[in-house]
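Undergrad: Use these hints to put chain B onto chain A, whose structure you have.
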Amino acid sequence: MTLKRCLKAGLSGLFLAVAALQPGQAQVPGVTADTIKIGSFGALTGPGYLYGKLPMNGIEVVFDQVNAAGGINGRKLELVREDDRCDPAAAIGAVKKLIHEEKVFAIIGGGCSNATVAARETLAEAKIPVIIMASVHDGITTPVAPTIFSTALTSSLESAAMLQFALDQGAKRIAVISMRDAWGRSRYTPLMEAFQKKGIKPVLDEEMAPDANDATAQVLRLKGANADAVLVVLYPKPAAIFMRDAQKLGFKPLAVGQSGIADPAAFEDQVGSPGATASFRTISMVRYTPEDPAVDKWRKAIEAKFPGDRLSVFNLFGIGSAQVMVEGLKRAGPDLTREKLVAALNGLKDFQTDVYPGGITCVETDHRCNKSPAWIAKEPGKPVRVLGVTKVE
Amino acid sequence: MELLVYLLLSGLTTGSLYALIALGIVVVNKATAVINFAHGELFMFSGFVAWMLHVQMGVPYLPSLLAAVAFGFLLGAATDLIAFRPLKNANIISLVLATIGIAFMLRGTARVIWGGKGDYLPFPPITSPEPIMIGGIMVIPQQLAVLAGSIVIMVAFAAFFRLTRAGKMMQATADNAKAATLAGIRVDRIYMLSFGTGAAIAGAAAALMAPLTLLYPDMGFSFFIKGFAAAVLGGLTSLPGAVLGGISIGIVEALAGGYLHSSFIEVSAFIVIMFVLVVRPTGLLGSTRFRRV
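Protein chains in written order, with numbering that gives the first Met the number 0: chain A, 0 to 392; chain B, 0 to 292.
Since the hints were derived computationally from the structure, they do not count as laboratory data.
Bear in mind that the values here come from a model prediction, so they are computed numbers and not experimental data.
Just so you know, even glycine gets a beta-carbon here, dropped at the ideal spot from N, CA and C.
Treat each hint with caution, since some may be false.
Said to hold, decoys possible - Facing chain A, according to a computed beta carbon distance under 7 Å, are these residues of chain B, among others:
{"hint": "1", "residue": "2"}
{"hint": "2", "residue": "13"}
{"hint": "3", "residue": "110"}
{"hint": "4", "residue": "114"}
{"hint": "5", "residue": "124"}
{"hint": "6", "residue": "130"}
{"hint": "7", "residue": "137"}
{"hint": "8", "residue": "139"}
{"hint": "9", "residue": "212"}
{"hint": "10", "residue": "253"}
{"hint": "11", "residue": "256"}
{"hint": "12", "residue": "257"}
{"hint": "13", "residue": "261"}
{"hint": "14", "residue": "262"}
In isolation and in its complexed conformation, chain A is listed as follows:
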């Protein structure tokens, strides 16, 4: 054997020995000795950016704080963002890119429900751990996909909570006004089931188009039916038109919204008619308003990282889901694998975050980990306040 051949054999052996020393890390996508790559998808552009870009900003400030404290088991967190523009086809493309090109370890994402529902199959097939941050469609978490968890509320939970809240407030004649597109139906159907379970029939069941500019007909019909509470399954735009016309026609029921109208202060501006939102209550996924001193730490972090931005509830969605992911990663331990992360997430029981109204509990048979909607309201001229929490079983 010549010297050259000896050297070659020696180097090859050395290479194999080094490779053999790190078998686990080399095979786990998105994980190196000092980093963990986490992907996120949602709308970064277009009107749905509230449910995409803003939660992602929240995730990023959580990651920054974790990294500043030394990371998780010595690994820093990296966030990779993909824009799905709230478009189902774009969402499928975005998650494929994250999984196959960016090779992320796990995902925190999902803004618009229709886009996330479309991406569910791709995510489930890839067996990548996912935490849904904002999408509420039941089809994302039901039936259970072993690696897909949600810290967002789901539409059926919210629908049940809406009816429960109206009853708790003493409403006797409850009506519904809803959109019947895919988003609306994902809430309307479980709402009707909730009515049925309680043995109640809505006094009136009205529809409104997402682009409607007038709700005179609906308001007059609801007023004629003497509804004392109206469950509002509408986007902010038609809901604003409805509330404005209700005030115009002297109809002042308890109006119960959902997390699609998550910012009562912005909603008051959109309605634009003083006092029209005085009896409007809505669901928040988080227990604090952005002005609450309890979230000062996060306000400062958002404003420092994204100059010009104000802390919003949508940032808080991302902060909560990122804290759950961080906890899962910690519990999964230093020899990180996707299976260990999934097992760790399945073991979360009443885990408290800085933002969610109740503890986060995930079990193998139910990945709807957040079941505590908070109720918020804004009286004219006053700040948004949290009224209470409904625990949905």
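TA: Quick look at chain B alone, frame taken from chain A:
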């Protein structure tokens, strides 16, 4: 009776806005025999210009409305230059696709410029938001302002067509482009004027509509569909027909929603259109001459 009055008032207000959008569609179609599928986006873009001036820069409402009209005109003229003039001898599919392309470009641009400032942007009311009582009926002054504004614009537009030289040349070109050319009318300019005028009316409609609704970059198509339906109902070539079609659709929607069920609001107008077109294929006031679209 009270219910009927409320529904008629609401239908009239919404219908007058549909009529303005329909007018813009008909003006372009009359002159060029093309449906401008970017009309809804021209409407949307002009609305955002009014919002930017009035809300962001603090310009008073009336100058903001006039600026939206002027901007709409320029945008319409640009549509002619980009999408119509280079393709005017191409087949109709190419022309339609070109206007659809313009629509997507405008929507994308609006998303970039205004899409990140809130999901739906409010436009402050130009009158007191408090309802007032007129003969026992509660009315939002804003609705009356929109109704009055729409009527003023329709009258001004009719006067422009009947009394001005440019309006007469547009009518002549619409009636017979070849004869107009022989008479010395530069029809290319008239086409541009038609696109510009149509979009200017859309700009006025957008500035009037903005305080009654909320602005968002994807709003154009739904308004276009209603305006187009009104134009078809009126006859596609008839300006009074566009007004009649718009107001009819607004009132039919309101009555169907009030007396039948709110689920009929969106479909009622189209059911009426279907029946009208079966009985009278040229629409309520349309002519029978051949159209390219």
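Undergrad: A separate judgement is required for each hint: does it hold in the structure or not?
TA: Going down the list of hints, with the structure as the test:
no.	hint	in the structure
1	2	6 Å, holds
2	13	5 Å, holds
3	110	5 Å, holds
4	114	5 Å, holds
5	124	6 Å, holds
6	130	5 Å, holds
7	137	6 Å, holds
8	139	5 Å, holds
9	212	5 Å, holds
10	253	6 Å, holds
11	256	3 Å, holds
12	257	4 Å, holds
13	261	5 Å, holds
14	262	5 Å, holds
Hint check: no violations occur; every hint is consistent with the structure.
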